[in-house]
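Its first residue numbered 11, the sequence shown is counted upward by one per residue in the numbering used here.
The hints are simulated quantities; they were obtained by calculation from the structure and are not laboratory data. This structure is a prediction, so every number in the text was calculated from the model and none was measured. Heads up, the beta-carbon is just placed ideally off N, CA and C, and yes, glycines get one too. Please note: incorrect hints may appear among the correct ones.
As the list claims (entries may be wrong) - Have a look at the derived ranges for each label pair, beta carbon to beta carbon:
1. Val-83 <-> Thr-141: 32 to 42 Å
2. Ser-154 <-> Lys-35: 36 to 46 Å
3. Trp-47 <-> Gly-117: 24 to 34 Å
4. Lys-32 <-> Glu-150: 43 to 53 Å
Unchecked claim - Below 30 Å or equal to it, Euclidean Cα-Cα: the simulated BS3-like pairs (lysine-lysine) are:
5. Lys-87 <-> Lys-35
6. Lys-32 <-> Lys-75
7. Lys-143 <-> Lys-75
8. Lys-67 <-> Lys-32
9. Lys-67 <-> Lys-35
10. Lys-87 <-> Lys-41
11. Lys-87 <-> Lys-67
12. Lys-80 <-> Lys-32
13. Lys-80 <-> Lys-41
14. Lys-143 <-> Lys-35
15. Lys-80 <-> Lys-67
16. Lys-80 <-> Lys-35
17. Lys-41 <-> Lys-67
18. Lys-41 <-> Lys-75
19. Lys-35 <-> Lys-75
20. Lys-143 <-> Lys-87
21. Lys-87 <-> Lys-75
22. Lys-87 <-> Lys-32
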Amino acid sequence: MIASRQVPDIVTFHILLDGLCKRGKLEEALKLFQAMWNSELELSIVCYNILIDGLCKAGHIEVGKELFHKLSVNGLKPDVYTYAIMVNGFCNEGLADEAYQLFRSMGDNDCLPNSCCYNVMIQGFLRNSYTLKATQLLTEMLSSENLAAGNVENLKIGGKIVETLFYLQL
């Protein structure tokens, strides 16, 4: 690309960063991220999400958490995907309580959880054997006015699941 005098854009860097993370080459991904930071490219939330996701999936939750907190310093706000990535990362490390605190803080940052975030948190509770908390959160999700109307059918199904879980006393 550079040899043909085409300047790589942010999308090209997103693809490179994502590929490095998915191949487990986190050191190279971090170096690329730093090079992007040092260049004139304006880093987007997508860029951060890719790297935070790669770090969390590789078990480097603390580094992902640091990067998450640096967002505001760099003039960006986490979006619902950033939160879902971090919540999932915490839950995968057995830190469901910390995940839930972060989930609850979303509204404080003008970022309301969508069905994806609820699903990630519910799944995290279940993976960490917090069945009661999972069913309570599902009940909350069913009554949430913040979710898109397109999810109504899924919410009805979710309601039946809650009824079944309570019936089975799980």
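Okay, the hints, checked on the actual structure:
| no. | hint | in the structure |
| --- | --- | --- |
| 1 | Val-83 <-> Thr-141: 32 to 42 Å | holds, 38 Å |
| 2 | Ser-154 <-> Lys-35: 36 to 46 Å | holds, 39 Å |
| 3 | Trp-47 <-> Gly-117: 24 to 34 Å | holds, 29 Å |
| 4 | Lys-32 <-> Glu-150: 43 to 53 Å | violated, 33 Å |
| 5 | Lys-87 <-> Lys-35 | holds, 26 Å |
| 6 | Lys-32 <-> Lys-75 | holds, 19 Å |
| 7 | Lys-143 <-> Lys-75 | holds, 24 Å |
| 8 | Lys-67 <-> Lys-32 | holds, 9 Å |
| 9 | Lys-67 <-> Lys-35 | holds, 12 Å |
| 10 | Lys-87 <-> Lys-41 | holds, 23 Å |
| 11 | Lys-87 <-> Lys-67 | holds, 21 Å |
| 12 | Lys-80 <-> Lys-32 | holds, 22 Å |
| 13 | Lys-80 <-> Lys-41 | holds, 17 Å |
| 14 | Lys-143 <-> Lys-35 | violated, 36 Å |
| 15 | Lys-80 <-> Lys-67 | holds, 19 Å |
| 16 | Lys-80 <-> Lys-35 | holds, 22 Å |
| 17 | Lys-41 <-> Lys-67 | holds, 18 Å |
| 18 | Lys-41 <-> Lys-75 | holds, 18 Å |
| 19 | Lys-35 <-> Lys-75 | holds, 19 Å |
| 20 | Lys-143 <-> Lys-87 | holds, 28 Å |
| 21 | Lys-87 <-> Lys-75 | holds, 14 Å |
| 22 | Lys-87 <-> Lys-32 | holds, 24 Å |
Of the numbered hints stated above, those contradicted by the structure are hints 4, 14, listed in ascending order.
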